[in-house]
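All chains, please: the whole structure from these sequences, using the hints.
Each residue of the sequence shown is one higher than the last, beginning at 1 in our numbering.
Read the hints as simulated data drawn from the structure, not as lab findings.
Heads up, a few of these hints could be off.
[Unchecked claim] SDA-like cross-link-like pairs, simulated, lysine to any residue; straight-line CA separation at most 20 Å: (1) Lys44 x Gln65; (2) Lys56 x Gln75; (3) Lys22 x Met6; (4) Lys46 x Leu62; (5) Lys46 x Lys27; (6) Lys44 x Val78; (7) Lys56 x Tyr66; (8) Lys46 x Arg23.
Small disclaimer: the values here were computed from a predicted structure and weren't measured.
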Amino acid sequence: KLEVIMDRQQRAQGELRVLEEKRRQNKLNQVQFDFSRDWQAYLKLKSGGAPKDVLKGSLQRLISQYQGAGIDISQATVELQGLVTSNQ
1 KLEVIMDRQQ
11 RAQGELRVLE
21 EKRRQNKLNQ
31 VQFDFSRDWQ
41 AYLKLKSGGA
51 PKDVLKGSLQ
61 RLISQYQGAG
71 IDISQATVEL
81 QGLVTSNQ
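Given below as C-alpha coordinates:
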(Lines of atoms letter the chains of each structure in order from A and count residues from 1; the text may use other names and numbers.)
(Lines give C-alpha, C1' and ligand atoms only; values in the text may rest on other atoms or scores of the structure.)
Protein backbone atom coordinates (compact mmCIF):
# COMPACT_ATOMS: atom_id res chain seq x y z
CA LYS A 1 0.00 0.00 0.00
CA LEU A 2 2.81 2.41 0.82
CA GLU A 3 4.43 1.66 -2.54
CA VAL A 4 1.19 2.53 -4.34
CA ILE A 5 0.99 5.84 -2.50
CA MET A 6 4.64 6.66 -3.23
CA ASP A 7 4.19 5.72 -6.89
CA ARG A 8 1.12 7.93 -7.13
CA GLN A 9 3.01 10.80 -5.53
CA GLN A 10 5.92 10.45 -7.98
CA ARG A 11 3.51 10.47 -10.93
CA ALA A 12 1.80 13.56 -9.56
CA GLN A 13 5.16 15.31 -9.14
CA GLY A 14 6.07 14.42 -12.73
CA GLU A 15 2.78 15.81 -14.00
CA LEU A 16 3.34 18.97 -11.98
CA ARG A 17 6.80 19.44 -13.54
CA VAL A 18 5.30 19.03 -17.03
CA LEU A 19 2.58 21.59 -16.25
CA GLU A 20 5.12 24.05 -14.83
CA GLU A 21 7.25 23.72 -17.99
CA LYS A 22 4.19 24.28 -20.20
CA ARG A 23 3.27 27.35 -18.18
CA ARG A 24 6.81 28.71 -18.45
CA GLN A 25 6.80 28.12 -22.22
CA ASN A 26 3.38 29.78 -22.60
CA LYS A 27 4.61 32.80 -20.66
CA LEU A 28 7.72 33.01 -22.85
CA ASN A 29 5.57 32.75 -25.98
CA GLN A 30 3.37 35.58 -24.71
CA VAL A 31 6.39 37.80 -24.07
CA GLN A 32 7.70 37.02 -27.57
CA PHE A 33 4.30 37.92 -29.03
CA ASP A 34 4.19 41.18 -27.05
CA PHE A 35 7.70 42.09 -28.21
CA SER A 36 6.79 41.35 -31.83
CA ARG A 37 3.73 43.58 -31.55
CA ASP A 38 5.77 46.40 -29.99
CA TRP A 39 8.52 45.97 -32.61
CA GLN A 40 5.94 46.28 -35.40
CA ALA A 41 4.63 49.46 -33.75
CA TYR A 42 8.18 50.82 -33.72
CA LEU A 43 8.65 49.98 -37.41
CA LYS A 44 5.39 51.76 -38.20
CA LEU A 45 6.60 54.79 -36.26
CA LYS A 46 9.90 54.69 -38.16
CA SER A 47 8.24 54.34 -41.57
CA GLY A 48 5.99 57.27 -40.65
CA GLY A 49 9.03 59.51 -40.53
CA ALA A 50 9.28 60.00 -36.77
CA PRO A 51 12.28 62.07 -35.61
CA LYS A 52 15.38 60.15 -34.53
CA ASP A 53 15.00 61.27 -30.92
CA VAL A 54 11.51 59.78 -30.81
CA LEU A 55 12.74 56.55 -32.39
CA LYS A 56 15.66 56.38 -29.97
CA GLY A 57 13.38 56.86 -26.95
CA SER A 58 10.96 54.25 -28.24
CA LEU A 59 13.77 51.73 -28.73
CA GLN A 60 15.22 52.43 -25.29
CA ARG A 61 11.84 51.76 -23.69
CA LEU A 62 11.40 48.62 -25.78
CA ILE A 63 14.81 47.27 -24.83
CA SER A 64 14.48 48.05 -21.14
CA GLN A 65 11.05 46.41 -21.06
CA TYR A 66 12.13 43.13 -22.66
CA GLN A 67 15.79 42.86 -21.66
CA GLY A 68 16.36 39.77 -19.57
CA ALA A 69 12.98 38.29 -20.49
CA GLY A 70 14.57 35.32 -22.23
CA ILE A 71 13.70 36.32 -25.78
CA ASP A 72 15.78 37.60 -28.68
CA ILE A 73 15.63 41.39 -28.83
CA SER A 74 18.81 41.80 -30.88
CA GLN A 75 16.97 43.50 -33.74
CA ALA A 76 16.01 46.33 -31.39
CA THR A 77 19.52 46.67 -29.93
CA VAL A 78 21.10 46.68 -33.38
CA GLU A 79 18.58 49.31 -34.49
CA LEU A 80 19.39 51.46 -31.45
CA GLN A 81 23.12 51.16 -32.08
CA GLY A 82 22.53 52.28 -35.66
CA LEU A 83 20.60 55.33 -34.50
CA VAL A 84 23.20 56.25 -31.90
CA THR A 85 26.13 55.96 -34.32
CA SER A 86 24.32 57.86 -37.07
CA ASN A 87 23.78 60.79 -34.68
CA GLN A 88 27.50 61.15 -33.97
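Indices of hints not satisfied (ascending): 3, 5, 8
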